[in-house]
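> In order, the protein sequence lines correspond to chains R and P.
Following this note's numbering, the numbering of the first sequence begins with 223 at its first residue and continues without gaps.
Following this note's numbering, the numbering of the second sequence begins with 1397 at its first residue and continues without gaps.
There's no promise every hint is true.
[Unchecked claim] Going by beta-carbon spacing under 8 Å, a handful of chain P positions derived as facing chain R:
id: 1; residue: Lys-1633
id: 2; residue: Ser-1998
id: 3; residue: Ser-1999
id: 4; residue: Asn-2003
id: 5; residue: Thr-2067
id: 6; residue: Pro-2120
id: 7; residue: Ala-2123
id: 8; residue: Asn-2184
It is worth saying that the hints were derived from the structure and are not from the lab.
No residue lacks a Cβ here, since even glycine has one placed at the ideal position from N, Cα and C.
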Amino acid sequence: MKTMKKYIKLLAVSSLLILGACSDDFLDTESSTNKDESNFYKTPNDAYQGLVAIYDVLQREAYGGPLLISEQASDDCFGGYGTADAQSDIEWDRFLYVTNKDMNSDVWKFAYLGIYRANILLQNLDKINWGANTALKTRYEAEARFLRAHFHFMAAKMFGDIVPLDHTVKTSEFLLPRQPAEVTYALIANDLKFAADNLGPENYSQTGNANYGRITKWAAEAYLARTFLFYTDYYEKPDLAGVVNKAQAITYINDAVSNSGHGLVADFANLWLAASFEKFAGEDNTEMVWAVRFNGSGKGDWGLNEGNRFQVNIAPRGGNIGPYATGWGGATVNPDLYGAYKAGDTRRDATIISYNTETYKGNPLNFDPEERDQRQYTGYSWKKYCPITNEAGVAIVEANGGNFQIDNYQDYAVIRFADVLLMAAELNLDTNPTLALANLNRVRDRAFKDTAHRVLASDFDKKVIMEERRLELALEGQRYFDLIRQDMAIAKAAIDKTGTTQFDVNFRTETLGWFPLPQSQIVLSNGTIKQNPGWN
Amino acid sequence: MKSKYCIKTMLPFCMALLLSVFTLQSGFAQEQSKFVSGNVTSADDNMGVPGATVLVQGTKTSTATDFDGLYKIEAKAGDVLIFSFMGYKTQKITVGTQTKINVTLQSETAELKEIVVIGYGTQKKKVNTAATSLVSGKDIQNVSSLDVVNALQGQASGVNVTSTSGQPGAGMAVNIRGVGTAGNSTPLYVVDGVVVDNGIGYLDPSSIERMDVLKDASAGSIYGARAANGVILVTTKKGKDGKMNVSFNSYTGFQHVAKKLDLLNTQEYTTIMNEARVNSGLTPLYTQAQVAAMPNHDWQDDLFKEGAIKQNHSLTISGGDKKSTIATGLSYYGQEGMIGGATSQSQYDRITFNVNSTSEVIENHLKIGENFSFANIKSSGVADQGIYSNAIRSFLNAAPIDATYNADGSFAHSVVAPDVSNPVGSLYYNNFNETKTNRYVGNIFAELKFLKNFTYRTSFGVDMTDSNYRSFRPVYSLSTTDNNTVSSVTQNATKSLGWIFENTLQYKGTLAGVHNFDVLAGTSAKKNTSDFMEGIGKNLTFDDFDHAYLSNATDQTSNTVKGNRGDYAIQSYFGRLLYDYNNKYLFTATIRRDGSSNFASSSRYGNFPSVSAGWNVDKESFFPENRVLNNLKIRASWGQNGNDQIPAFSYLSTISTYNKSYHFGAGTLQTGASPDQLSNPDLKWETSEQTDLGFDATLFTNFTLTFDYYDKKTKDWLVLSSIPVYAGATAPYINGGDIQNKGFEFSLAYRTKFGKDWNFSVNGNISHNENKVLRVANSEGIIHGETNLLFQGTDEMNRVEVGQPIGYFYGLKTAGIFQNAAEVQAGVQPNAMPGDVRFVDLNNDGKIDANDKTKIGNPNPDFTYGLNFDLSYKAFDLSVYTYGVAGNQNVFGVHDPTRPYTNNTTQVLNRWTTEGSSNTVPRVTYGADTNGNYTKFSDLYVQNADFYRIKSATIGCDITKLTNKLNFFSKFRLYVAANNLFTFTKYKGMDPEIGFGNSNRDSSGNLTQPWARGIDVGYYPQPRTYMMGLNVNF
């Protein structure tokens, strides 16, 4: 018995000791599925994945994105949607700011999500073991910087002054203020210039090219021209934030026109699925200088943003109609836009659905706005980006096993070659009007399918270019920014509409054309971020 | 289908069979010749105890008392007689020269209450210095609920238990002494010494001996890192030395909806719609002739299944001898959902089995034992949370003019709008699911006693769960938005294993006759791992739920699979000193050091100390002998507890590839990867620091009284911070703020008997808690509530803000209705019309905007209280348990104002129509509510949610007390009972008890804002249940 007691004591004390000595490894756990910053960014493939993650943010264009908001705000569209839907759409249309103080938060959020993903990759590029392949590093850097510029511009064209970020922010930087536009545009210009100067001369926009959708030198040159035009026009500056002067901008855009290998698709209608169906030119056609890619692989999974969530917003409300698949009837098209096309302009019927004149299989479309609960019905809606049905009248997205709200798959054309030509026309206007006019008339020749509708040199001025931009690039997210960059009076003259209560719009020039910043971010900034003028 | 019903009916039958076998065996007890005789009475009521066992120790000689409690047994002088009876403390008396021995048995409940379970041990109540609450097994059973936690409601002061849904198997929100954090505020559960994660819903109420709630820091700190939100210790029933006890408990009940909403009928609905159209400048929709031909439909009739069945049958057997004891039980619980039960889409079945045993391997030195529980749970349920696919909400918003079925039996399409879907159809198509779970919880232990005063105990416990889930969505079309073109199946499986290894060394002894020591030192290590796998398949070969398995999916391109693993580890060292001087001066000190894997290695460890003291004033010589104050103990404590409950790796910036793909050309998706969350390597424990002052007293012998005042500050909560969006990544978890809960708890029990046969007891308790946020670690001192909680487009409506109670309602104040154009002109709302709501321009800046929002309600009750009565007369007993809350508000938001054709409650009939017609309910509009009467969040939505509820009422009769023909039973009680019999409230919704707030979850599946409460967007009410039951003991 005595020995037993001894054993017992020994056992008790030793097991306490054993546990007391339990090493710290016991608490070391490692995530089974996720790497962390300490063991990622090692190989070129890690860098590639980091790059893909930046591209991924492009797919967030949806309700509340710049495309929808700016078109509602422009003279080309109204708010639309259903009679009982949220007021935000009416407020975007009418420059009111009443119901939802956070109404533009998605633009702000996704712009900075993209900027963050670009910055985290750029910061870690040097940690990657590139071996001899420094060209690959330069290429990734150029693409990442292009995308960083794109996301900055996305926010800057909507909100004016923003917080430009060339690095990921630390906790101590959570109260950063907005910077003057010059700071932001210098960052944008440097990034785009780097991309234009460092990317190779490849053009991926040919049918079947496996790299279609990736940034090219030509996209960078064109994007540089776009930001140059917006910045110098809106802020009335001679150059792009001291980084790119006008001569350089002209060189870039002329290079894109002459050497990119991009061209116009012969028939304008074939650019748009709902305007061409089986004649569709395909998304990877020669005219797409840069497009945001979408696909239908999400198959109803709301957690994935692979599909185009924008399309459902502008599709006909209240059920499929004719060859067009259903959606929410947002941003109904202003009849003035329909009327602005001259007879013979093929762009009108490729851009806009006209419910009162179009027929399908011999029958009129018969859109009943009351029954379909359509607010601000005008008789017109979007044909560009409208989802379509198959022969059986089923939305193709659903026939493919997707959800019609989130799995539409049409790409969003950010820069078409037609836009490149029109930007070239605008930039060359003062120094080489002949070249400028030739660029413009290439666009017109295609639109009218003849040469009889060319603009004459005697009539040629900036106003002509802006009108051509309106018709050519209608419903592509350009119009509102083309208006405000000219000046407030021009924007107001174009946008204001009076006479019918339902469609009244009064552009408030005191806003300077900027949208309200999301209120939540102003609140969070503890006063370092102030609301835009006219929105308090 | 068939097999399910088969099990349900077979199980009670098998139990009955078992029962009868045991009945036969016990019938062998024979009367012996007389030698010693006497009377066995109960201390509770001085009544004779029939059926008590009298055993001569060490022999097989035994007898049972008769109907009046009298016994006769042959015994010699020096023999020891053992008197035992279920529910009473066993007594031993040595036979001397006397021939008459009268025995008074103390009820076990009384014994139960003299002991406090304190974690790694027990302590006599008299010398305990902590603030604890006890709920006994009997009170747990009386509540007849699925989850034993429910029994704490109204029975334990300072514990606020709120239903989060009335659906079978839904969890309860349990908060001890207020919501102590903006993060996870669930208390720690410890079952027979095993720390159990994910709740204790696997336990059969009949298997529980007692639950002890550790409320103050002194009691909790032995559990250190996990105790900041309080600790609930569950002790299951153990076998005892003596006769084998068998008990069978069974009830079957029928559930009914206690309250329906007064919704508009067709006449009222069409009137309102037409008026709304006219008010919005549109043409009326319906003519009288059309209305006459329309159905008049209360969708609530389709929503609820009346008389849905709830049943529980359990068998427990316990007993033992000097060397070993055993207690084992088997139970079945089944509950049909009141919602979804009609389409067989809501059903909860639970089978439990448990066994506790001990054996002495070396007498007085080495004891080994085990506690083990197993539960098999099968459940299916309906989506009932939030504003999307919430079954209840869609029924309450459906128009009465719509029909359920077409003439051919198919689901009718709505006539009001193409995007309105038939709620019955939607409920049916969207809720095919089934979860099957096996849960094993238990431990084995060994206890060594040596050198008289020392005990070494080692225990190894496991908490294992394996769970399979399956759901199915068929092809269907109910509206433009509610349809599915490709059938799909989801199957997933989770296996988790937690083990806990604990070792303690204890010294217990008395020095110099007056210094009583109980010193404990120990270590604990716990590790949890879990594996998860999920597959989703599309386009199934069979189009029904029974065949919905992944192998049926034909669309290989869109099938998806995923899987992952989770890990958690914690290791601890702890020590405790319990000291008292002659039971008069009491002192406790505890220290625990914990390291948790949820933090970076630099900030892993935390130390959690506590001290407490007590003074038994009545033990003092100066304490006068008196009839008024019989007992008085004064207590004080201070201590710190921790909380580490956040998702693993929250301190790291992990790289994820989810939803980051993109594709180039016609190629396949390219994987993208980036960090999702900012890292925070400094993340550390949340600490609660609490001071408690209290006393326990006995007055006039029959009154026992406990009072506690506490002040609890929780520092450095673990929360997701709000950071500016330009940071680009998700906010990290931070130690984001401090909160204070202070208040008092008061409980009073009274117990008496009057006349010869009447017994009466009443227990009341009331708790007051005041919750105030002291710090939020961002520049504005606010954690904003999420948007879109009431309907798509709702502005922020609740928040956590310094100086305010957690989760308070934040919105506009209203000041009546604009009665005419002149009033509108005089106001500051440019878009208003007569009949619209006048919002209060709080800051007088001439406009209504976010700056005018303020506190308009508080979901946290000021008071929670319970009042419980027990009355018995001879064989009959009656008990009524009630509880209530006061001082809190709910948001009544079941009506969706963003769709013009949604139905409404009859409250809208009091709307403004002409000047002077109403100053509370605004005019109706059809869309275009430009003034934002209901689209702005205001006090129009907020209602007082005080309620007082009769939680359970039971009337029973123990037949063994009426006749002696059932002598072999010690109890044969039949009873009828009702749960949720009546609720006194002014709240307009179906159920005022709303633990729901915000169902949004983060990527780890945790609620993003667990502090959100009291938001009624269509809430699954708790059923009213009528039950018949049986308790049999022998």
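> Now tell me, hint by hint, if it's right for this structure.
Against the structure, the hints:
1. Lys-1633: violated, 29 Å
2. Ser-1998: This interface hint is violated because 11 Å lies over the 8 Å limit.
3. Ser-1999: Violated: closest Cβ of chain R sits about 12 Å from Ser-1999 (chain P), beyond 8 Å.
4. Asn-2003: violated, 16 Å
5. Thr-2067: holds, 6 Å
6. Pro-2120: holds, 5 Å
7. Ala-2123: holds, 5 Å
8. Asn-2184: violated, 10 Å
Hint compliance for this structure: hints 1, 2, 3, 4, 8 are broken, all remaining hints hold.
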